[in-house]
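J.: Chains as they are written, first to last, in the numbering used here: chain D, 1 to 325; chain Z, 1001 to 1443; chain H, 2001 to 2638.
Don't read these hints as lab results, they were simulated from the structure.
One or more hints might be untrue.
As the list claims (entries may be wrong) - Some chain Z residues judged to face chain D by a derived CB distance under 8 angstroms, without partners named:
no., residue
1, L1372
2, I1382
3, R1399
4, L1424
Predicted, not measured: the structure shown is a model, and the values here were computed from it.
Positions of the beta carbon are idealized from the N, C-alpha and C atoms, including for glycine.
Here is how the chains run, residue by residue.
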Amino acid sequence: MLAYLIRRLLYAVPILIGVNVITFALFFVVNTPDDMARMQLGVKHVTPEAIEKWKAERGYDKPLFWNAAASGAGKLTETIFFEKSLKMFALDFGRADDGRDIAREIRQRMGPSLAVAVPVFVLGLFAAISFALLLVYFRATYLDFAGVVLCVAMMSVSSLFYIIGGQWLVAKVWHLVPISGYGEGLSAAKFIVLPVVISVLAGLGASARWYRTIFLEEITRDYVRTARAKGLSERLVLFRHVLRNALIPILTGAVVLIPSLFMGSLLIEAFFGIPGLGSYTIEAINAQDFAVVRAMVFIGSALYILGLLLTDISYTIADPRIRLQ
Amino acid sequence: MKFVLLWSDFLFFLLVAGGVIFGLWARRVEHQRAAWRKVGQSRVGMAAATVLVLFLAVALLDSVHYRERLPGEGEHYAVEVRSVLDALLTPLRTRPEKTYSAPLATHSFAKENIAGEGRDFPRLKFGGAHLGEALSRHGADIALRCAQGLGLGAVAGLALWLAGLPLRRRAPHLAWDAVFVTLGVFCLIAGPLAMLAQGYHVLGTDKVGQDVLYLTLKSIRTGLLIGTLTTLIMLPAAIFLGILAGYAGGWIDDVIQYLYTTLNSIPGVLLIAAAVLMMQVMIDTHPQWFSTSAERADARLLALCAILGLTSWTGLCRLLRGETLKLRELEYVQAARALGVSSGRILTRHILPNVMHLVIIAIVMDFSGLVLAEAVLSYVGIGVDPNTISFGTMINTARMELAREPMVWWSLTAAFVFMFVLVLAANLFADVVRDAFDPRLAR
Amino acid sequence: MTLLTVRDLTVEIGAARPVEGVSFEIAAGETFALVGESGCGKTLTALALLRLLPEAARIESGSIRFAGEELLALSEAEMRKRRGGQLGMIFQEPATSLNPVMTIGAQIAEALALHGGGASEAKAVDLLSAVGIPDPARRAREYPFQLSGGMKQRAMIAMALAGAPQLLIADEPTTALDVTIQAQVLELLARLQEARGMAMLLITHDLGIVAQQAQRVGVMYAGQLVELAPRTAFFSAPSHPYARRLFAALPAAGRRGRLQTLPGSVPSPAQRPDGCRFASRCDVALPVCAHEPPPWREIAPGQQVRCHLEEPRKVGAGGTAQSGAAVPEPPPATALLAVRDLAVHFPIRRGLLQRPVGWVRAVDGIDLELPAGRTLALVGESGCGKTTAGRAILGLQAATRGERLWQGEALKGLAPQRMQMVFQDPFGSLNPRLRVGAIVKEGNPTADVGALLAAVGLEPEMAKRYPHEFSGGQRQRIAIARALAVDPQLLICDEPTSALDVSVQAQILNLLVELQEERGLAYLFITHNLAVVEHLAHQVAVMYLGRIVEQGSVDEVMRTPQHPYTQALLAAVPRIDTSGKADRERLLVPGDPPSPAQPPPGCHFHPRCPRAAARCRAAYPEAVQLSATHGVRCFFPG
Ligand SMILES: Nc1ncnc2c1ncn2[C@@H]1O[C@H](COP(=O)(O)OP(=O)(O)O)[C@@H](O)[C@H]1O
Ligand code: SF4
Ligand code: SF4
Ligand SMILES: [Mg+2]
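Extracted from the complex, chain D is given alone in its bound form (with noise of 0.2 angstroms):
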């Protein structure tokens, strides 16, 4: 068990240097520092000297793999790769290109990220269970019928409509909550409420649908028709035999998104005011800062290798056949 634990943990090292190096590619190989500096001082400015010095400001003017003129170990280390892509592992993610200190940023950002993502993740979850298991429970109705029309529906809606359409019925027909904006402790509350609604709404359709397949598929398995034959109820044999084996997956493929949920919700933020690392990713891009992208990415590869690690551990927990292997 802890071997294999450990085995998966190893796995994940050369997953997160493959994603180190995508991102080192995707960043310095296909386009220049010269390409970006360019771009970021717009038409006018470009002169040798602005681009020299929009690089040496943020040290994109080493060389990338190998710095000839240094010295000692200074000739790999005095290079882009080592500055920004290798350090990146010591979780040292430098400045953004607007000089400020990617890391603090984060961790300041990180609580309003939790403080929507985790309420989302949870309610949600519980929500899509819940509304497949009574679909299960009407299965081959009209209800079933009409409840998975409305799932097709709902997951037919752009996720942009939810987002819009609530902000202008409950916060300005309505004037239930402010339309965005966040605050501190307690006062949050009142901020978060619309968004996390709306986001559990928004992926209700999907998820209930695919849930409601799980448990149909486990419906049929053999030991429910041994559990009906020793006279349990229908209810019983639904919640304590199928449940129980379909949360399996559920569970443990809902595991991998636990880490991830630091990274915050890139459209909720950005809709609702909300000062979280998904906002905080939405203006990194719209202001082509090209550092904070290149941390977030290798963050949010990072939380999802996570993820993976946890789902595996989640099985062996919850999975008698894998724990007692």
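Got chain D sorted already, so can you dock chains Z and H with the ligands onto it with the hints?
T.: Just chains Z and H with the ligands now, kept in the frame of chain D:
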């Protein structure tokens, strides 16, 4: 006039041709025909397919591009690249107002200083211009045009139904009634729209006075292209690598698994954001590559498809790998090996045809997700070129005006409704296709 | 006293009626066996008794009276009290019929809570020990995957007993089990039934089990009962033409040569004829049979037959088979294929670096000689390494050590022109996307498809069709044609008939015999079915845990078995005893076969062997040659 074949046009036509060839092939192959017949027998499937075909027709018309010859001496062509759809919709395209106007309005949405009369809502240049001073006839005119349109639509629907009779006779087991009901509904909607559009901006105008109906119709091509080309681009890699990993096993499997796990672990939006940013730098620093802005926008569209493809092949690849692993152990593959059949032949004869259903299901299932993704990405600023008309760019420009009082709701609504119809049709069609092809459900 | 009375039970699925007009009775404490081939409606009948039909199916009409009460009139809540409480049921697949994420104890406790007066761990453990599970307290805390197949089925039985039912419905309870385990479970069922005075509805396709366990028999065909009889009457004089043909199709000792077969196949539930459903396959059919449903007639006390014939027993050749001349000849001097010390070990990888920490010794050094034009049967229970051995002999599976000599010359890898294989699963062995013609041509593009199809008894026009249009038996014929296309001299048949019904199995066995006579084919016939061995083989090798424990001519091994395992295997097969006496005093080997990853030290069989002595635990016995052909690996043969 000079025809222009944009890269995306070329690929789109290639795709349609591929679809036709696939259709001809599928007609001859028993299991394909059986599965598609199931799709054809489903009412929902046929109705959804009809809607998709209508959308496809619009997109195809919008994919035949040309540059108009300028009047005057010599071979000079307009820089603007137009499509056949543009030509068909010339009245819509060439009658811009100054700024916002509500659907079917005769006056502008915003008050303006009108010389000599103070601030008021100015009359529109084109919307309702035919009414002249007889503004009291506005409502009656609309009703009349609607009635005319409905009549026309009914006639057209009837004509289509008659024209379809031979089809029904040739293939009586298919759900033709769903097709003709859908077409009928379409005619009854399109008729009044067409009649009204001749005198009004049916869906209003946007900030710079462009007709929203025109914009919405133009958005269809972008959505369809992203939904299909992306899959087309990623398909070869996904199929090849997935099957190879599953069949070869060993280090080949390890390498391919590593590849897709790594790519998959970068959050999709961020990878797209990073790649699009870089692509933008590339396009911006090489203006000499593109002779018209249409080409530039086109390049960006294709690059977006490629990037989306890059991030979305991993799912299908993993699925195919798993399926191939299962198939490899099946007895007919074992029997082929025992008979000395080569690996290449086993892959093409035994593995590929038996994973084809997964590929087809993936193509139809991915489509709707990609159409929705385009809107979100364009909104975030990492989608299509801001000059490309798409649902995303429409929503993006319209959302700025949400805060206005009263609200400018028509652009947003039009974009959302069209997108909803397209995606819903795609989702329903995908469901029917999956049910028809999934062998687990076939039992 | 009658416990259960079923009258005119009809089950509908859509427009089809997979069960129609079934009536029978079961007395308290009696075992009633329902026999029939797969798909004839046995399981649906059983599920209908519990009102547990699958969602698509419903009871169209009929009456089910249990202990004086009409079950079909009960509310669902009332019915639930009967389920598990008065009617218990056990199913065919122990592997999938238990909830994989609940402990065995919890699953039994659940049944106890409903019917047994409260859940208690102690009671669950008692039940487990009552069904003969060793160390029941520990097993109660384990999950299903930690138990062997036989133990899972025992646990299922314990669960069914929790409510102390008056009627136990057992749907093919031993079909998924090995024959030695089957014998244990059948013995357990008989013992429990006697001790508790329970009635039992035993569903099976195996006439041997019926002969051994049942007091009365019902034969089902295409959704209907066609014969009802007490066991003795049934086995001494099966009367319905279908029942008689079924007996004739059974392979058995002393019946070499051709088996009687039933032509054609069972009509599908969707399109059943108006008259007698057996009419199209019946060799004694009357003109009236085609359009008029036959009436029930009582032809002997308690024996009823549904047939138009006044005295069905007297008509036709029915019950006996021609016995062929089949004295096994001594094998030819040179072997076609000799296998020397062949072994296949699969690594068990564990730990950080996935180093092999042990080996599954699936095949652990076997020697075989396959003479030309003869059949060697490789017999053993599931997991003993038969399939792996066959694949290694063919070259499909790399061997860990050992060699294969083709007429003295060493083989490397596959030899497609010399050896071919026919697989077990008729549904997995043909690519559904290819036409039959393309499948047959797979190994030899120039093959004459028409002639090959004709040779295996199919129509040449069938080349244009796809596999899904064929029944299991026909598919197996296609698979044989595909192998024959390259004109091999040796055919390795891995359980080619174990997925087929008896009547179809007979057709395939006949075909194999014919092909051997015509083409001089040699067979390596891998099977667990000893009756088939006696029918078909010239020589037999018995395998246990990766090694061959006894080898010899069919007479030597089947008549005078010397290894205790062979003897146990033979004893475990339920025999059809026409006298109708049940002989329960059989040699039962206890326990389960050990895992090939950790074979017991010394003789692998010693933990289960009644003759085991100290030296058996110390060393693996060398082969003892009892005759020129008969060898056995046991310290105490005899
Ligand atoms: N590829 C494999 N990897 C590991 N173990 C295997 C493999 N194939 C078979 N085995 C094991 O080898 C043993 C013999 O299997 P098999 O040859 O299939 O037996 P049989 O044909 O008698 O059912 C079993 O315990 C099985 O689990
Ligand atoms: S009724 Fe006729 S066809 Fe049916 S079994 Fe009797 S004799 Fe044969
Ligand atoms: S060697 Fe001993 S344990 Fe093995 S079969 Fe013979 S008597 Fe039994
Ligand atoms: Mg086997």
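J.: Give a verdict on every hint.
T.: Against the structure, the hints:
Evaluation of the L1372(Z) hint against chain D yields a held restraint, the C-beta minimum of about 5 angstroms falling below 8 angstroms. Taking 8 angstroms as the C-beta cut-off, the interface hint given for I1382(Z) holds, the closest approach to chain D being about 6 angstroms. Evaluation of the R1399(Z) hint against chain D yields a held restraint, the C-beta minimum of about 6 angstroms falling below 8 angstroms. Interface hint at L1424(Z): satisfied, since its Cβ lies 4 angstroms from the closest Cβ of chain D, which is below the 8 angstroms cut-off.
Of the numbered hints stated above, none is contradicted by the structure.
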